[in-house]
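There are 2 protein chains.
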Amino acid sequence: MRKRAPKAAGDKVLKGDATRRAIVGRALKIAAAEGLAALTIGRLAGDLGMSKSGLFAHFRSKRTLELATIDRARDVFASAVSISAEDSPEGIGRLWSLCHFWLRHVEERVFAGSYFFAGAFFEYAQQSGPVPDRIRGATREWLAALKRAVKQAQKLGEIERNANAERTAFELNGLLVGAHWTHLVGDHEALRKARAAVLSKLRSLATREIPLKAFESVRDFRAYLKERHR
Amino acid sequence: MRKRAPKAAGDKVLKGDATRRAIVGRALKIAAAEGLAALTIGRLAGDLGMSKSGLFAHFRSKRTLELATIDRARDVFASAVSISAEDSPEGIGRLWSLCHFWLRHVEERVFAGSYFFAGAFFEYAQQSGPVPDRIRGATREWLAALKRAVKQAQKLGEIERNANAERTAFELNGLLVGAHWTHLVGDHEALRKARAAVLSKLRSLATREIPLKAFESVRDFRAYLKERHR
Numbered sequence: 001m002r003k004r005a006p007k008a009a010g011d012k013v014l015k016g017d018a019t020r021r022a023i024v025g026r027a028l029k030i031a032a033a034e035g036l037a038a039l040t041i042g043r044l045a046g047d048l049g050m051s052k053s054g055l056f057a058h059f060r061s062k063r064t065l066e067l068a069t070i071d072r073a074r075d076v077f078a079s080a081v082s083i084s085a086e087d088s089p090e091g092i093g094r095l096w097s098l099c100h101f102w103l104r105h106v107e108e109r110v111f112a113g114s115y116f117f118a119g120a121f122f123e124y125a126q127q128s129g130p131v132p133d134r135i136r137g138a139t140r141e142w143l144a145a146l147k148r149a150v151k152q153a154q155k156l157g158e159i160e161r162n163a164n165a166e167r168t169a170f171e172l173n174g175l176l177v178g179a180h181w182t183h184l185v186g187d188h189e190a191l192r193k194a195r196a197a198v199l200s201k202l203r204s205l206a207t208r209e210i211p212l213k214a215f216e217s218v219r220d221f222r223a224y225l226k227e228r229h230r
Numbered sequence: 001m002r003k004r005a006p007k008a009a010g011d012k013v014l015k016g017d018a019t020r021r022a023i024v025g026r027a028l029k030i031a032a033a034e035g036l037a038a039l040t041i042g043r044l045a046g047d048l049g050m051s052k053s054g055l056f057a058h059f060r061s062k063r064t065l066e067l068a069t070i071d072r073a074r075d076v077f078a079s080a081v082s083i084s085a086e087d088s089p090e091g092i093g094r095l096w097s098l099c100h101f102w103l104r105h106v107e108e109r110v111f112a113g114s115y116f117f118a119g120a121f122f123e124y125a126q127q128s129g130p131v132p133d134r135i136r137g138a139t140r141e142w143l144a145a146l147k148r149a150v151k152q153a154q155k156l157g158e159i160e161r162n163a164n165a166e167r168t169a170f171e172l173n174g175l176l177v178g179a180h181w182t183h184l185v186g187d188h189e190a191l192r193k194a195r196a197a198v199l200s201k202l203r204s205l206a207t208r209e210i211p212l213k214a215f216e217s218v219r220d221f222r223a224y225l226k227e228r229h230r
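Going line by line, the protein sequences match chains L and Y. If you count the first sequence from 1, position 34 lands on 34 in my numbering, and the numbers rise without skipping. If you count the second sequence from 1, position 35 lands on 35 in my numbering, and the numbers rise without skipping.
Hint data in this document are derived by calculation from the structure and do not stem from the laboratory. Each hint should be verified, as a subset may be incorrect.
Put simply, identical chains are the same to the list, so a pair is met inside one copy or across any two.
[To be verified] Straight line, CA to CA, 25 Å or less: simulated DSS-like cross-link-like pairs of lysine-lysine:
(1) K15 with K151
(2) K29 with K15
(3) K52 with K201
(4) K52 with K62
(5) K147 with K29
(6) K15 with K201
(7) K29 with K62
(8) K201 with K155
(9) K193 with K147
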């Protein structure tokens, strides 16, 4: 019996961890569709067929649960967007990929709604506290990834050195967020047009290293990137 | 005594109405800064020094209070943006004014936060029910005002007839929403630059009725509009 005790304890930890993951998974689904405020211990317990006290054993407060949910949303976002873009070589191609995967995460409904991080960002932008800080952290990470990609492209001589990397990141993000809104009001062309607008922005920033004909269409640009990096 | 009764009853109605307005005013302040979900009867009663039951006498449910708060937000938005823009004569000047006053409502913090209607829109965009419907209604009203202004400008020969009015409204809105985000992450130039971007969009749509030099700067455009309509 004593010999098996460590294994049994390990199983329990594992099971506890799996339960915790399931709780956060469900919490993410609710929050992504209806906002963090829709997340109540009662509803979550009901959805998962758990007791409220069972849930409290994993998350001692609603706050802890909210923070875990934001962290999961951030992981999901990173995996769908930033990490996916890392397969592209550094430079203007990476910058393009970041925008492309961002639009794809909207298109493919990676989240169960439009709350993360658009609704959450506007809701918490002017508040203080751990939840707003965590939401802002996710936004900052995303803007930093865009900015880093601009700087790398500048270092590689693909984007003009005098372009302001931070401002470029802001502008690309503004374009994406605006397209998200337009997509949500039912314009089926919004995301396709956003890709064209991103490309046009990149053309305006690119050095002569990149042939102008690469920017003629999204298709041309993709073909150019593929050709160049094979 | 009997003679004064009607007046007293009138006073009571008036007082009830004033109380109701005060409740919604406070509710708007909370919701605009922290989201509709932060609006609880308990907190509101505490803020206003009322009993919960006193509050319930005015709003029989949280839902009724939420809807009244959205309606108030819509009125505030309309007054700051759409109604303000109506002072400009119909046409491209009206379209400009709508965008200008939209940016000004962000600049001047007409709302106590960035929730209405940006956070609210993204939060409720993919939900159903009376609250999401009301939020969508406000968004639709705004987009319709933009679209109507584009069509009026087309009718007056100031904007090319082949421009798609709905798409133009979407694009202008996308530009404004993106700038709002950029402003919130701390780019102090975001709103100024958004005005330049709106102007550049208008230039790309304008007919030869409008002299090209009117589009050289926001200042030039304002001077042109002023000159023309005096």
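**Asked** Can you give the numbers of the hints that this structure goes against, from lowest to highest?
**Response** Violated: hints 1, 3, 5, 6.
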